[in-house]
Amino acid sequence: MREVSVIGAGMAPYGKYPEKTLADIAWPAVKQAIEDSGLEKKDIEAAYCGTALGGMMAGQRILKKLGITGLPIVNIENACSSSSTAFREAYIAVGAGVYDAVLVIGVEKLTKFGGGTLPLEKEDWEVSHGLVMPALYAMRAKRYMHEYGLTEDQLAMVSVKARKHGALNPDAQFRKETTVEEVKNSRPVADPLHLFHCCPSGDGAAAVVICSAEKARQAGADAIRVAGSEINSGKYMTGYRDMTTPEITLRGAKQLYEESGIGPEDVDLAEVHDAFAIAELLYYEALGFCARGEAAKLLEEGETSIGGKIPVNPSGGLLSKGHPIGSTGVGQIVEVVRQLRGQCGDRQVEGAKVGLTHCTGGGVSGFDHGVCSIHLFAR
Amino acid sequence: MTDAAEELKQALNLAGDAVRREKDGSVRLVGTECNDCGARVFPPSDVCCECMSENVSALPLGPDGTLYSYSVVHAAPKGWTLPFVAAYLDMPEGVRVFAHIVDADPDSLTMDMAVEATIAKLGTDEDGNSVESYAFRPVSKGDS
Chain A
1 MREVSVIGAG MAPYGKYPEK TLADIAWPAV KQAIEDSGLE KKDIEAAYCG
51 TALGGMMAGQ RILKKLGITG LPIVNIENAC SSSSTAFREA YIAVGAGVYD
101 AVLVIGVEKL TKFGGGTLPL EKEDWEVSHG LVMPALYAMR AKRYMHEYGL
151 TEDQLAMVSV KARKHGALNP DAQFRKETTV EEVKNSRPVA DPLHLFHCCP
201 SGDGAAAVVI CSAEKARQAG ADAIRVAGSE INSGKYMTGY RDMTTPEITL
251 RGAKQLYEES GIGPEDVDLA EVHDAFAIAE LLYYEALGFC ARGEAAKLLE
301 EGETSIGGKI PVNPSGGLLS KGHPIGSTGV GQIVEVVRQL RGQCGDRQVE
351 GAKVGLTHCT GGGVSGFDHG VCSIHLFAR
Chain B
380 MTDAAEELKQ ALNLAGDAVR REKDGSVRLV GTECNDCGAR VFPPSDVCCE
430 CMSENVSALP LGPDGTLYSY SVVHAAPKGW TLPFVAAYLD MPEGVRVFAH
480 IVDADPDSLT MDMAVEATIA KLGTDEDGNS VESYAFRPVS KGDS
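Residue numbers (our numbering), protein chains in the order written: chain A, 1 to 379; chain B, 380 to 523.
It is worth saying that the hints were derived from the structure and are not from the lab.
The structure presented is a predicted model; accordingly, all values stated were derived computationally and were not measured.
Among the hints, erroneous ones may be present.
With a cut-off of at most 25 Å between alpha-carbon atoms, the simulated DSS-like pairs for lysine-lysine come out as follows [to be verified]:
(1) A:Lys122 / B:Lys500
(2) B:Lys457 / A:Lys112
(3) A:Lys235 / A:Lys254
(4) B:Lys457 / A:Lys16
(5) A:Lys164 / A:Lys176
(6) A:Lys176 / A:Lys16
(7) B:Lys402 / A:Lys122
(8) A:Lys164 / A:Lys20
(9) A:Lys31 / A:Lys112
(10) A:Lys20 / A:Lys31
(11) A:Lys353 / A:Lys254
(12) A:Lys122 / A:Lys235
To spell it out: a stretch of chain B is covered by chain A in this simulated footprint if at least three of its residues, at any positions, have a beta carbon under 8 Å from a beta carbon of chain A; those stretches are [stated by the list, open to error]:
(13) 431-444
(14) 471-477
In silico contact screen, one side only, chain B against chain A (beta carbon under 8 Å); selected entries [said to hold, decoys possible]:
(15) Leu393
(16) Cys416
(17) Arg419
(18) Ala455
(19) Ala465
Think of the CB as a built atom: it goes at the ideal place given N, C-alpha and C, for glycine as much as any other residue.
Build out the structure end to end from the sequences listed, making use of the hints.
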């Protein structure tokens, strides 16, 4: 595989845009990414578009607005990892030399469902018996609290930290800080999770342009190198599973660290899949930022806040920046690229050289998660 | 039709072959076991997820299991009776089952406690019909 870099990044702020079409939500992010790359639209040789619920031909619907047509456009669904999967596929294509410059889009419009929990596949057995995503994460939380003594206050602190970061991000859906008491007193969703422990439903889009090293030099771009890329599906397990160990993340991180030669101690910031507050704590441990059972301590000591040893979700994460699910993977990459370029203003992680993105997708019986994709970026 | 038979017929609408009532009235969940490699799975499957054999047999589970984790759920799609207790139960045959917990004060539930299978109304469908399936409840002492 030859070297691949991200040279352009664009975001449409996450929020609720029921009056806009999916294409109208997304095209500003695509235009921004191309302009940021220094390339012209004619240089784009292929496009990969990730969306979980955006419907058929989302990529074509978006790109016709900007006249980027006639090229290969591939639409990819992989639940909440749809666009991290699209990024991975684009990375492979450029790395293999099939294309020199490729566009990757992540997009979702969840307001079309009118709110509530994420609609899941009804043919799934557990879904047919009433499983919803908050309940799944709640059961992870409950078991983790039982085994490791995590307190309700500590769980609420994840959301407090997320909102504190999100307040500094103009692209975030929630830009208001919160408190432990406010989190604990918000509406109950699935105990121990309250509303503020859960990511919001919303709309949004993100886009990046990736290219070969030679193309990056030609474009004169501020290139951020893709230092590692992995994707896995979950292992289907019919038996007793330890729900406090996210096996797919653990397995993927190990593989990625080994392949890239970059370890958790080298990572300066991470954007992780904090769909619910408990998830962020489980991922501190699975990604190797702390030992088993020590996630709450790492959080309480401020090590995962901006200014700490390993800032996690400086963008606000899914909890505060938002989670238009198909957009999330590329949205995380946009944040890491901007952080490594030093473009993040008040939420800048000083001196960041290596960043990690981690995106999962769930909602299928018998899996920890159906999919997980992790990427490393370096400058 | 007797009440018990009617109850079971309704349950089968949602759970199909995954639940049955024994002659003594107790409710059993039913998974499958592979006759070639021994792998066990719930809900039932026509093909083994380990060795791909189609030589599989029904495997009655429990009826008692242990409560691995649970949550009182207040948000779910229309139709489910809210709030309900969602849970994962570990069955002695080595498989894990997702089910609702019924007939219990959520505050009385504890991790790893013994629970038994039953049939319960879980919600109402779009036509106003009762949606019933298997569920679990704490094992009642002295109740056979």
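Exercise. Regarding the hint that Arg419 of chain B lies at the interface with chain A, is the smallest CB-CB distance below 8 Å?
Worked result: Cβ of Arg419 of chain B sits 7 Å from chain A, so the hint holds.
Exercise. Taking only the CA atoms, is the gap from Lys457 of chain B to Lys112 of chain A under or equal to 25 Å?
Worked result: The given pair, whose Cα atoms are some 16 Å apart, holds under the 25 Å limit.
Problem set entry | Restraint status (C-alpha distance of Lys122 of chain A to Lys235 of chain A at most 25 Å) | Given that 25 Å is the threshold and the Cα spacing comes to 21 Å, the pair holds.
Problem set entry | Coverage claim, chain A over the stretch 431-444 of chain B, checked by counting residues with Cβ within 8 Å (three needed) | This one is violated; 0 residues, fewer than the three required, reach chain A with a Cβ under 8 Å.
Problem set entry | Coverage of the stretch 471-477 of chain B by chain A (three or more Cβ within 8 Å) | Our answer is that it holds, as 4 residues pass the Cβ test (under 8 Å) against chain A, meeting three.
Exercise. Has the given pair, Lys402 of chain B with Lys122 of chain A, been kept, meaning a C-alpha gap of at most 25 Å?
Worked result: Violated: Lys402 of chain B and Lys122 of chain A sit about 32 Å apart, past 25 Å.
Exercise. Straight-line Cα separation of Lys235 of chain A and Lys254 of chain A no greater than 25 Å?
Worked result: Holds - the C-alpha atoms of Lys254 of chain A and Lys235 of chain A are around 15 Å apart, at most 25 Å.
Exercise. If you take the shortest Cβ to Cβ gap from Cys416 of chain B to chain A, is it below 8 Å?
Worked result: Hint on Cys416 of chain B: violated, closest Cβ of chain A at ~13 Å, above 8 Å.
Exercise. Holds or violated: Lys353 of chain A with Lys254 of chain A, Cα cutoff 25 Å?
Worked result: Between Lys353 of chain A and Lys254 of chain A the Cα gap is close to 20 Å, so the pair holds against 25 Å.
Exercise. Taking only the CA atoms, is the gap from Lys164 of chain A to Lys20 of chain A under or equal to 25 Å?
Worked result: Violated: Lys164 of chain A and Lys20 of chain A sit about 29 Å apart, past 25 Å.
Exercise. Holds or violated: are the alpha carbons of Lys457 of chain B and Lys16 of chain A at most 25 Å from each other?
Worked result: holds, 22 Å
Exercise. Are the Cα positions of Lys20 of chain A and Lys31 of chain A separated by 25 Å at most?
Worked result: holds, 17 Å
When the structure is compared with the earlier hints, violations turn up for hints 7, 8, 13 and 16 and for no others.
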